[in-house]
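Spelled out from the first residue to the last, the chains are:
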Amino acid sequence: MPEGISAWDLVIGGDATLYAIIALSLGVSLSATVLAAAIALPLGAFLALVEFPARASVVVVLNAFMGLPPVVVGLAFFLLLSRSGPLGFLGVLYTPEAMALAQAFLVLPIIAALARQAIEDLWIEYRDEFRAMRVGGAARVGALIRDARFSLVTAVLAGFGRAAAEVGTVMVVGGNIDGFTRTMTTAIALETSKGDLALAIGLGLVLIAVIVAVNALVWSVRRAGERIAG
Amino acid sequence: MRAEPGLLPIAFEEVSLRAGAHTILDRVSLAFRPGPPTALIGPNGSGKTSLIRVAMALIAPTGGRISWGGREATRMDRCAMVFQRPAMLRRTAESNVDFALSAAGHGRARRRARARELLDIVGLAALAGRPARRLSGGEQQRLALARALARDPEILFLDEPTASLDPAATKAVEELIAHVAGLGVKVVFATHDLGQARRVAGDIAFLARGRVVERAPADRFFATPATADAAAFVRGELVI
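The listed protein sequences correspond, in order, to chains S and D.
Take 1 as the starting number for the first sequence in the working numbering and just add one per residue.
Take 1 as the starting number for the second sequence in the working numbering and just add one per residue.
Next comes chain D alone, as it looks inside the complex:
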């Protein structure tokens, strides 16, 4: 699925994001490099979603520097995102993917076959003709993944991809994440679910109060968290 690298590493250097007097991201420095999935974990309001949006260049930071593949300005063609509650276009599942393929620059001749391929990958081939809004939550999340994959992404951001899904739907999405990561796509996902972070992530970035408090390989993070906040979070205590 991957072609030439370009966007990685995505490097944050002292990146801040403020809205009025409120600090959303506070001098964040970290990098996303090729490799296994990275989980962004932390309590509500810790800045996970904002960090993803800044990395996707959907919002500009108010301070610091961010670079993609060593460049501060670049085309974001091979960068994709799945939102916590993805908006389904008012058309069929297949047309949703077709639209994403069109936006990614695929010609009409190739789109139909590719849309079928992507629906097959996410297990929705049988529902290709169904209106997307009539799909279940888990199916919509998988359709959003298919749309994201239409960009042939080098890096894929997922914001709480299973937040409101039942265990079976969660399992299906997690398997897809593993499949996509296996194709060489860098996956970065925000989650509240520590179990999911253990199951899926290769490394963890723990955020609290807009800062990256700890960054470590997943096994080490969960076995021996280095900071008091991370230790408390892993124990299931409230971190505010």
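The following block holds chain S by itself, in its conformation from the complex:
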């Protein structure tokens, strides 16, 4: 990075390196969130509505996994995806695909646990009415998901926020390869250690803006939910 360039210049000036990093970061985090949500939302609904013997244990584990250390998840995926690991044949270690997979695993418990809580709270509230109305299983699930939709969107956005902000997982499975797997968070860590504070600060500003935007979206969704659904 040329000397004398400020973080602001990089952001406003449309620096190609900076924006490539931003694009990769958002792409990986969005892919991870979509993948995780595709599994976590049905899982959350299942745990909220279906009684089975180990349900309480599964819920406890799921809640505990919300606090999974990212570097540990990164290490686990490194071992899985490395050439000698059980998924080594995929050949995706040190690729954006590996980063998205690992991040999906990291945020899946967050989305699933929040979805379970939202749907279960609603189910407790609706249960008697649905039984009195003789609402069938599919209609019941459909109604709960529909009425919990704003909470579910919030859960997915919370997952995205976590994915976008984490560094440990993508560092381990992505390798922080310049122009290929370097994300905002790993670039900030690297550029800070190199002393290139302009790029680090520029990326930091963008990352904060993304997180603020996500939270503003969460707030807006909640407000819209209250306004539309009461």
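Hints in this document: simulated from the structure, not taken from any laboratory.
Since this is a predicted model, take the numbers as computed values, not measurements.
Don't be surprised by glycine CBs; every beta carbon is placed ideally from N, CA and C.
For each label pair, taking beta carbons as the anchor points, the in silico distance ranges come out as: (1) E175/D <-> I124/S: 31 to 37 angstroms; (2) G35/D <-> I39/S: 51 to 57 angstroms; (3) L58/D <-> P69/S: 43 to 49 angstroms.
Footprint (simulated), chain S over chain D, 3 or more residues, beta carbon under 8 angstroms: (4) 79-87; (5) 101-108.
To give a feel for the contact side, a few chain S residues facing chain D, derived at Cβ under 10 angstroms: (6) D147; (7) R149; (8) I228.
Guided by the hints, dock chain D onto chain S, whose structure is given.
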């Protein structure tokens, strides 16, 4: 509103409901037959709500027999209930009724017009587009009635339908109950309010300690209660 009869009479024969060592219903025998509204009255914990839930097949009795229209197992399609604190679905008033209509098997094409009709009956047509949770307590209770009517019920159970409502809202709900009963729907309601039982009910079932202590036409029950417990309750004394 009514079509072919099917669920009436609902007959309890020595029906008991126990939870652990606690007896909630104690060998209750009574029948709900077509006719004017029946009020279930009695002190707190006397078993009114549980009796309704058993009649609605929401909970199974632990003893005795219950039959609907002479059958011990039947479809409960035309049986509806309004809870003391009905849960409002997180959607508009009209969507709440639409959902109930859908659950009752009405096709999409007919639902919108029918939902409007039902909202009109309960006096909420002007509030059709308002989120149900933003309605007042009395409006929510009337919306719950509209949802119940979506089942085109032969029998309608109401659990303390005006427990937390002001007099104006209570009057509106009572008028609706009378209207529904006038359409030929058998209405059974639990209430603490003796005045309401006098105003609305054609007959009374008085419960205490999980038993039906007395069953009589409303005018006779209030004029000459036959049991000491009922007499004490009518006088406003505490019956435990």
